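Starting from the known structure of chain A, fit chain W onto it as the hints suggest.
Chain order of the listed sequences is A and W. Note that our numbering has the first sequence beginning at 1, numbered continuously upward. Note that our numbering has the second sequence beginning at 1, numbered continuously upward.
Keep in mind that the hints are not guaranteed to be accurate.
Claimed, not checked - These stretches of chain W come out as covered by chain A in the derived footprint (C-beta under 8 Å, 3 or more residues): (1) 77-90; (2) 185-198; (3) 201-211.
Claimed, not checked - If we take Cβ atoms under 8 Å as the criterion, some of the chain A residues that face chain W in the derived model are: (4) Leu-18; (5) Tyr-84; (6) Pro-93; (7) Val-103.
Everything labelled a hint here was simulated from the structure, so no lab data went into it. Please read these numbers as outputs of a predicted model, since none were measured by experiment. Note that CB positions come from ideal geometry on N, CA and C, so glycine has one too.
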Amino acid sequence: MDKSELVISDLRAGYGSLDILNGIDLDVGKGEFVALMGPNGAGKSTLLKTLFGQTTIKSGSILWQGGNIAGLHPREILSRGVSYVPQGRCNFPLMTVDENLQVAAFTIADDKVLSDRDYVYELFPALQARRSTLAGNMSGGEQQLLEMAMAVLQRPKILLVDEPSVGLSPTAIGVVFEELQRIHANGHTILLVEQNTKKAMAVASRAIILRLGKVIWDGAPADITHDELGELFLTGRMAKEDASMP
Amino acid sequence: MSQLQETQQTWRSGLRLPAIILMAGLVLFAPAFVGSYSLHAVVIAMIFLLPALGLNLLVGYTGLLSLAQGAFFGVGAYASALLSIHFNTPFYVNVVSAGLISGALALPLGIPALRLRATSFVMCTLGFIVIGQAISKNWISLTRGDMGLSSVPKPYFALGPWSFSVVSTAAYYYLALAVAGLAILAFYLIVRSPAGRNMIAIRENETLAEAVGIPTWTYKLIVFVLSAIFAGVGGSLYVHYLTVVSPLTFQMYYTTTILIIVLGGGVGTISGVVFGSILFVALSEFLRVAPEIRMIAYGICLLLIVFKFPKGFAPVIDKVWSALGGQRA
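Next comes chain A alone, as it looks inside the complex (with noise of 0.2 Å):
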């Protein structure tokens, strides 16, 4: 793992007077592929959303690249290279390919845009066969490479992605995470919320449990089976920690 480049500490977070991050710990270096997992309501889009400033950060910071982005205004933290692709449908439907990935250049200067979208399209070649296509009218599984194509568009260097795969055929989640990996392959951190386990532990570099808005579990996705991770899930804990307490 290089230098971290995100470095969050003891960071509390929520919606107005409704604290869902609880202290939360946790780095993330240079080109990692982490997987962020843990049961419903554990904070993990919460998390997401506070890195992106999108929610009411009480205390704590997050450094990314050495400057704090705690409380910054989402556009701000755009352009320090932090994309963010939300959950659920999340593009201009009455638009096409084309102009989404247009509206989605915004930040960037004018003579890179062509070159941009062809990098893009280069990497989802998926997307270039619909370029005049209703981003609407799409699939479920296009629309949501659609949006990962909108955050790589602004050349982040760190991809927040939350769920890909909710809502989506088995067939479609699997060009959607082949696709993850291929943006991870080309230089891109990527920091990935799935509740879909299996396929989040495949090709993540890395996972992290967090569990009522703390991190209960951090280590690589090697060094835990599918019933220990439903272990953490229910109880917080894993049984043989529970065996070796008195």
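Structure of chain W alone, referenced to chain A:
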């Protein structure tokens, strides 16, 4: 495809150009064969097209429903009337000033209003009309209150030693046509620009637009000001045509007419709104034949239109256009 269909298609594909020539002919020579009352209705329709285009920019391209168009229309009318009465300024000065004054007023009003969302924003813009009416009624030294301003000069143009006034309905028709044409062109250039695309993005998904870095609030404020400029120009055109303006200009009737033109014609389209302005103003004028039941009949027509054409007339116009081009609609 059968032989017959093919022949039909080739035959039909040549119909677009004749249709354009016919339409252009109708528009250019209308005063020659349209009765004076009908011509008056068309002039009114073209005047209403201006605030409607402004509202279309707001509703159709940023998803903001504003009832303030009537207020900015009134402001434009008063501004233009006062300028020409007190300073005897030529028409082009009045019309530009009316647009600028309405736009300048929209800026401080838009800043707090656009902090509000959805229904609260609509209510706030409704407040602007009420305030506009109250001011026009009570600032008697300026507006003459309920008596209104009368004998507003007909538009006159002055260029060096030459000057002429637009007096007849036919002459005014061409003046309104020119202003409406310019407004349509301005509208087209705005919505087809990259900024127009960003505006549509805001309408489609504001949160996402914000997430990709579009300064959504600034965009909405600019569009609010632009819509007021369109309305102000319309108000100016209106007052120099009727030569009177009173607090009645701030009535809900004007705002609802503008709303109906946009929502009934086709939100987010140009053809729908142009057609809507002609149809709804013409309908309202035509129904004067039965004054007792005029508004009831108008309401029933609206209901029928909403049920029959829920997306306005733009899809119908598109179909006709495609058919003229030989494509199966």
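| Taking 8 Å as the C-beta cutoff, is the stated coverage of the region 77-90 of chain W by chain A satisfied by three or more residues? | violated (count 0)
| With 8 Å as the cut and Cβ atoms as the points, is Val-103 (chain A) at the interface with chain W? | Hint holds; Val-103 (chain A) Cβ to chain W Cβ min 4 Å, cut 8 Å.
| field | Per-stretch coverage check for the region 201-211 of chain W, three Cβ contacts closer than 8 Å to chain A | value | holds (count 8)
| Per the coverage rule (Cβ-Cβ under 8 Å, at least three residues), is the region 185-198 of chain W covered by chain A? | holds (count 3)
| field | Per-residue hint verdict: Tyr-84 (chain A), partner chain W, C-beta under 8 Å | value | Since the shortest Cβ distance to chain W is 6 Å, the answer is holds.
| Per the CB criterion, is Leu-18 (chain A) less than 8 Å away from chain W? | violated, 20 Å
| task | Grab the minimum C-beta distance from Pro-93 (chain A) to chain W and call the hint holds if it beats 8 Å, violated otherwise. | result | holds, 6 Å
In this structure, the earlier hints numbered 1 and 4 are contradicted, and the remaining ones agree with it.
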